[in-house]
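One line per chain: the protein sequences are A and B, in this order. So for the first sequence, UniProt numbering puts the first residue at 1; every next one is plus one. So for the second sequence, UniProt numbering puts the first residue at 1; every next one is plus one.
Hints are supplied without guarantee of correctness; some may be wrong.
Said to hold, decoys possible - Where chain B lies over chain A, by a calculated footprint (3+ residues, C-beta under 8 Å): (1) 116-126; (2) 321-328; (3) 448-459; (4) 485-495; (5) 531-544; (6) 685-698.
Keep in mind the hints are simulated off the structure, nothing from the lab. Remember, predicted model here, so these are calculated numbers, not experimental data. Each residue gets a CB set at the ideal place from its N, CA and C atoms; glycine is no exception.
Next come the chains, spelled out residue by residue.
Number of protein chains: 2
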Amino acid sequence: MPPVGAALWRSLRAHQVYGANTDVGKTIVSTVLCNAIQRNQAAPRLPSSSPHLQRYANGILTECLYQFDEPVSPHIAARQKSLTIPRDDEILTAVRQTLSDWAGTGINFALVETAGGVHSPGPNGNSQADLYRPLRLPIVLVADSRLGGISSSISAYESLRLRGYDVHSVLLFRDDYYQNHEYLRTYFQKKSIPLVPLPSPPARPQSHEPDAVARDEEAMAAYYDRVARGTDVTGLLEELTAKNTARIERLEAMPGRAHETIWYPFTQHHGMAPTDITAIDSAYDDFFQTYRPAASPEGGLRATFDGSASWWTQGLGHGNPDLALSAAYAAGRYGHVMFPGNIHEPALSLAETLLESVGNPRLQKVFYTDNGSTGMEVAVKMGLRAACHRYGWDASQEQISILGLKGSYHGDTMGVMDCSEPSTYNKKVEWYRGRGYWFDFPQVRLSQGTWRIAMPVDMEALGPDLQFASLSAVFDLEARVQSEAGQRYKEYIRATLETLVQQHGMKFGALIMEPVILGAGGMLFCDPLFQRCLTEVVRGHPELFDEDAPRASSTPAGQPSWSGLPVIFDEVFTGLYRLGRRTAASFLGVDADVAVNAKLLTGGLVPLCTTLASAEIFEAFSSPEKSDALLHGHSYTAHAVGCQVAVDSLRTMMQMERDGSWDASRRDWQSSSSSDGDSPEAWSTWSHGLVHDLSYGEGVEGVFAMGTVLSISLKDTQGGGYTSTAAQGLQQALAAGGREFAVHSRVLGNVLYLMASITAQAEALRAIEGLLRAALLDGAVSIPGATD
Amino acid sequence: MPPVGAALWRSLRAHQVYGANTDVGKTIVSTVLCNAIQRNQAAPRLPSSSPHLQRYANGILTECLYQFDEPVSPHIAARQKSLTIPRDDEILTAVRQTLSDWAGTGINFALVETAGGVHSPGPNGNSQADLYRPLRLPIVLVADSRLGGISSSISAYESLRLRGYDVHSVLLFRDDYYQNHEYLRTYFQKKSIPLVPLPSPPARPQSHEPDAVARDEEAMAAYYDRVARGTDVTGLLEELTAKNTARIERLEAMPGRAHETIWYPFTQHHGMAPTDITAIDSAYDDFFQTYRPAASPEGGLRATFDGSASWWTQGLGHGNPDLALSAAYAAGRYGHVMFPGNIHEPALSLAETLLESVGNPRLQKVFYTDNGSTGMEVAVKMGLRAACHRYGWDASQEQISILGLKGSYHGDTMGVMDCSEPSTYNKKVEWYRGRGYWFDFPQVRLSQGTWRIAMPVDMEALGPDLQFASLSAVFDLEARVQSEAGQRYKEYIRATLETLVQQHGMKFGALIMEPVILGAGGMLFCDPLFQRCLTEVVRGHPELFDEDAPRASSTPAGQPSWSGLPVIFDEVFTGLYRLGRRTAASFLGVDADVAVNAKLLTGGLVPLCTTLASAEIFEAFSSPEKSDALLHGHSYTAHAVGCQVAVDSLRTMMQMERDGSWDASRRDWQSSSSSDGDSPEAWSTWSHGLVHDLSYGEGVEGVFAMGTVLSISLKDTQGGGYTSTAAQGLQQALAAGGREFAVHSRVLGNVLYLMASITAQAEALRAIEGLLRAALLDGAVSIPGATD
């Protein structure tokens, strides 16, 4: 389904007419509005789409895009006719195109009428409120004046709101017996939505009466004439115009106002101008609707691919109505309830679902926090306590360090900043004091069609660079760990640790790693064998850390005991299907003692983080003293909204896995690998052919893709790193985009990465691949949509 | 409105019957279910409430609590009759009581039928879905089989869900033309909700036909007989029974399962048992619905006052449908969208609303994070940078400390832990290194009817203890700052700082305070004059911190420049009406350079935090180097759901202020103070009489109340502090509660505090006050509800 820009024009005031139910008078209301527009302006060219409207509102352009004869739900009508049913995206595109054409010819008012109620199914069975959502037209809601109409009108309103629609006005027929208009006027007034009651239309003559048709036409004409003269409708039209104008003016003003008031995260504001800020009107699936300068003839809003998956958070698409309803349910059932000493269903379900799904028997306990940084603070506290407890160290008297990899990143709170080596991110933070040792490591990349593992400079001990025929072969760790390379890795790690502890007197409290890919450090794809060997050495040589250290054993409950150091995996970025599997740890064949998840956890909706820990780590905090407990907690710990959304997201993602939703991608990558035996399957939603071709690009240093992540390292004569500008040209080409949409991307130094949601449409990804080919492969392939 | 326990019994399966619209056959469906129950069980005693049902389902007990003759919406009918209209809470109590009585007499199936659709107004004009929400009965939804019925059924379902209801089954009449049952079956199947289509009931004979009534009765009887024999209905009843049982069993199992999987925040798990954990089924207004042991004759769920306002977060009540819809709207419109470089309406609106509402002209920029701890990390980074920038200090080479008060608490991430002096909270955290100096300070308390300010021991320089006639007099700072006490405070502070800097060589980077009340430190009410003087000395004597420091001046833009040290106010707990005013800073008459808000910011729904800063602090990070920027950011920074909910919460709270919602409390406290002139008004929603009386309590050391906070310090022969157990007896008395509800409270050492939402009902607060009087004033006053 190709994305469309949302429908917004300065000159054309376009609205969608939804009914609170069927037969509430949508068409009559539309005709009233069009008639009133005609009376109130010089150039009466008013489009809408209905024969009724065409008859009574002269000079109005109508366009009926699709029609069924039988007054049943369109999804039934579509079934009964042996017609070709238009696809939902075709309907959407046709509506968008018609409005766009009208806007281009100076038409200034349009109504898109729907059929039945807000959730009446379209021809393909999807609710109309969902089907039309990408356009996000402002709504004219026709309420129900009959008995029961208060309820159906408010429910219809709520269904529209939870899909992110703005209702700009409510109209209904006045009924002095039921008086729904009085109740609803008060109700909508509180929401600043004007409600206009209209006189009831004349009763239809019985069809067997003489001249029934003529009399009906006459009565209706008189009715429309009378209503159009009413000041209420005129006032309403003025209000609709004012709202359309205000919406556009606000979008235009937002970058300037944001520039005045917002202190952006991770942003140097020096030299920043309002034009560097993009106003996002709404978002749907993988696309933002971004505002572009008023001058554009194509309308104010453009679909823009969310190429960073909104800082790596998106899973099930923006504006997902199922998640919106999950969030609303938890908010309606609980709000937020105090967590310590209490338990509620979403928090318990999530804990149980997570422990079950990660497939790591060590992990038994779930600690909740709000984001990856706080979840890692908790993990570090856990690891340090467990180590000091076992080894009898007094951490108030000596420095306990962590062991990690260069280029690690675990968040921006100061405790976890100290877990990374000095870098651009942290070195100017006044209280930063890196506390640890960080190994440099071999990196994986596809280059010139070959998967290469490049050893870091000055680390000859690791041996020569390696080459592999496929990505899956890189992950064939059961074989590789026995190889010469594996032995060299282990020996190097062991010897280094020995030096650090024995010669430099360092004490280590935890091994912390982002398995497979170090994200914020620059999308560094670590040789999984190195991470595997590092864990094995740490666990296999506890004597390195404390001469009296016990050998690895089992806990009384029969679980494996941690050995050497507690192993903490930061899966905030890499976990929960980001790399195509539930855990990134499973690629390494390592069970961590502590694992942290966030980002995708809530499917991309609200902040939430879980730190999973082994029972043994948990026990290190157990004592009769309250002060020995893990005295950490945030006010909204395990907030019901986040937990409920996470439960529903996890279940949806696991269902997708069971349903084989990514089988096509799996096959695409499988066919390219030759003989990988039992190694973990590695694949990407980005096509293997693209990745292969890009690896030959002249300006490309290397490339890789896993799961929904695509990373392109560009050659940088200045030396690369976070301050490199090599990727900016590519970023600009993507931002210009193709005919259908633009691409928003983030760069990390000389690395441009793209990331999609778990549910991304293959067509959209292929279109983006076209842009990448055009930009990176010397114009050998044209940009789809941009040139034809 | 007295709270009621939600409706749940093991023996009595009680459901509420809602219709997707009026006239969808709720009564016929109810009769079908009751008939089927009768056929399928030995003891056919089945209650429901309708004459129709009474006629066709023999042996069924029905109870019609209220009835109107005219088939209009109850709110109209109520108006037309000159009857006494039952209040909503009376209706709720009557329904609850009837069900409870039935449960007590062994009845095992009950249906509570509603009128019209889900949002049809009750007699007092409130939507029935809102009115009955506290009972949170599982729903039997009667869907609409007519044209348009798919839409109205789904919308009705969504309206119920966003109020936290569980829909246990859907029934509707089969209509083979419209086939709504087919579509809806698939729809509800995805949500694991069984849908049963029923045969259409026989058409009613025209009333003028002979024997119309008799023929109708006969046809209906045959209809019911036929349907009751259908296996679908029998199967459905079994499913309803299973769901009721499963719900109770889950509630019973939850504490045990939580005990296995959850690592609770701020909790020593040693010796903790499942019985120490409370299952919360749902929450509404200020009340949890907590599960109590199966043995209780009164039903499984009990209303329990949320006495800590869920860790100080609650503002607008649990299960608030307006906030639920706000959250859903933002989720539906955006999900979460990438923040840096972008702007969306909720984030901009919130920033603008906050800057406008805090009334501090220094604050110009808004930085978003996820919770108070991360927001304070950002504030500390801001303060340190500004100071090092101005004073030319190299923080990587020397320790820059913060200046604060003893007993401060700013969160659990390690950076802000270092901002507090060593205490129970932090001293066992391995990486904790307190970096600062913390003043002890005079504390305010009401004791024996007098407001007393007690000087800390060993601080004779501050002069003798002080006494005041009223709370407002304590806040008369414009007068007090000129007094002898004020001069003594200032001189003591100046001298101390001089010693710290000149003799101990300390360098300070920021002054950090929680204005008025230090929350987690033990509800320490600091003499506001001391905080005022501390700020004035820091700002008035910049030379104390650096000999070349500039005097206070204005920025180029004309705002006051920070002087001495950046002043950071942590208003996470005390801000946004917690103490009755928008800011706690306004009680001190001090404009901070950085201010942090969270907790109440979102009205008590989801985590969100704002750090507001002056333009001058912002400029300290501005340079052509990206690495000089504030490189801090969380994935869900400025998430749309949180920002939207915060905008709506703030607006609601400010509207309440304009509407004089707390005028009664203001008057209650005003009458007690004598001549306070222009001093800031200090008042509480807890009654002045209670606070005054408790201050004479034998076991009470002191007491105070401000805004929605009530704090009671109990005498502790063991010396007080976080590990004190003095307050446990009072806590247990509250947990036992009265007849109507229990009270959940948290203690901080020997301090028991209670906190309500901003919208708490006066009746509930008065009832709790009764419990407090009974427990603390020697039984002089009886516990309301418990003894009569």
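Taking each numbered hint in turn, which are not upheld by the structure, reported in ascending numerical order? Of the numbered hints, 3, 4, 5 and 6 do not hold.
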